[in-house]
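**Q** Sequence:
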Amino acid sequence: MVTTAEVLKKLSALQPNKATGHDNIPSKFLRDSAAAITPVITHIINLSIKQGHVPKDFKIARVTPLHKKGSKLDPGNYRPVSILTSISKVMEKIVYEQDEKYLAEKNLIYEFQSGFRTSHSTDTCLLYLNDHIKQEVDAGKYCGMVMLDLQKAFDTVNHSILIDKLKAIGFDSLSVSWMQSYLEGREQMVEVNGTLSPPLPVSCGVPQGSILGPLLFLIYANDMSSACDCNLFLFADDSALLVSGKNKLQVEKTLSSELGRICTWLADNKLSLHLGKTESILFGSKIKLSKTDGFSVTVGDNIVTRKDEITYLGSILEANLPVTKWHPV
Numbered sequence: 001m002v003t004t005a006e007v008l009k010k011l012s013a014l015q016p017n018k019a020t021g022h023d024n025i026p027s028k029f030l031r032d033s034a035a036a037i038t039p040v041i042t043h044i045i046n047l048s049i050k051q052g053h054v055p056k057d058f059k060i061a062r063v064t065p066l067h068k069k070g071s072k073l074d075p076g077n078y079r080p081v082s083i084l085t086s087i088s089k090v091m092e093k094i095v096y097e098q099d100e101k102y103l104a105e106k107n108l109i110y111e112f113q114s115g116f117r118t119s120h121s122t123d124t125c126l127l128y129l130n131d132h133i134k135q136e137v138d139a140g141k142y143c144g145m146v147m148l149d150l151q152k153a154f155d156t157v158n159h160s161i162l163i164d165k166l167k168a169i170g171f172d173s174l175s176v177s178w179m180q181s182y183l184e185g186r187e188q189m190v191e192v193n194g195t196l197s198p199p200l201p202v203s204c205g206v207p208q209g210s211i212l213g214p215l216l217f218l219i220y221a222n223d224m225s226s227a228c229d230c231n232l233f234l235f236a237d238d239s240a241l242l243v244s245g246k247n248k249l250q251v252e253k254t255l256s257s258e259l260g261r262i263c264t265w266l267a268d269n270k271l272s273l274h275l276g277k278t279e280s281i282l283f284g285s286k287i288k289l290s291k292t293d294g295f296s297v298t299v300g301d302n303i304v305t306r307k308d309e310i311t312y313l314g315s316i317l318e319a320n321l322p323v324t325k326w327h328p329v
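For the sequence shown, UniProt numbering begins at 1 and goes up steadily by one.
Just so you know, the hints here were simulated from the structure itself, not pulled from any lab data.
Do not rely on the hints blindly, as some may be mistaken.
No more than 16 Å apart at the CA atoms, straight line, and that leaves these computed lysine to aspartate or glutamate pairs for EDC-like [stated by the list, open to error]:
id: 1; residue 1: 167; residue 2: 99
id: 2; residue 1: 59; residue 2: 138
id: 3; residue 1: 277; residue 2: 149
id: 4; residue 1: 270; residue 2: 149
id: 5; residue 1: 50; residue 2: 172
id: 6; residue 1: 286; residue 2: 309
id: 7; residue 1: 165; residue 2: 223
id: 8; residue 1: 307; residue 2: 293
Using the sequences provided together with the hints, build the complete structure.
**A** In structure tokens:
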């Protein structure tokens, strides 16, 4: 259960200029009237948690397509950002903090997952990656890496599989029921140039722009590391697979095999690899790389594109770099 003090703190911290959800209640209004409405909001949240049920009004999102890169005519180049009601986000924040505390106390999240975690960042992931590559190259080895590009990962999370994973890591029956209610029966309306579409059901995925979405994705992807027998570094869905060895051909063979195992895990979890954006790179000393012709990582009948430099988490890693630093893009 949650106290009025916790809810008052969350309401008072609402940012007044945030976009308004479908209920058209401005966050500034909620913040300014926090003292008066806190008892009612606290009752609603506690009732929701006690009954394991999320109000339908809290599960309607207004979606704004955010262009990432590439052609603006290709719908695949947009990321859907869900704008939710401010009251629902207050409730999500409270549940998020409880769940994050549980995961941290039980040490349940994969060690080298740096996304959306307290005391972690892209820098954390890059430091892990950088230190590992440097150690292998300094030992006279090749270090092959595949940067995985998952296709619409947040939007294709399977709800049934996610619920099973929540049960597997020890969520009690009431918490599972609440999460199931949170995921099921969601609707979204897409807004483009001020025009709003009719509401449509959402049958999979975790809402981007929500508080709980990123945490739920971390839980969903948490056992990816168990699918391979090599080094895997993650920042949410940005994944780097690494294999080292004295022999380049062995690195190619092992990395291809491990990539195949990851692809099997992805298929089992209803996720998919965007092969056109997945890239490989071979790190090594300048001397070793000067004596090396080609580097070919395969998955099925497809050859992963090889690069001499690769961009990961906004930084450029070069194949013949001494790997003592990275270059921000």
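**Q** Does each hint hold? Answer for all of them.
**A** Hints and how they fare:
1. 167 x 99: holds, 13 Å
2. 59 x 138: violated, 52 Å
3. 277 x 149: It holds: about 6 Å lies between the C-alpha atoms, which stays within 16 Å.
4. 270 x 149: Distance of about 15 Å is within 16 Å: holds.
5. 50 x 172: Holds: residue 50 and residue 172 sit about 12 Å apart, inside 16 Å.
6. 286 x 309: holds, 14 Å
7. 165 x 223: holds, 9 Å
8. 307 x 293: With a Cα-Cα distance of about 13 Å, the restraint between residue 307 and residue 293 holds, given a limit of 16 Å.
Violated hint: 2 only; the structure is consistent with all others.
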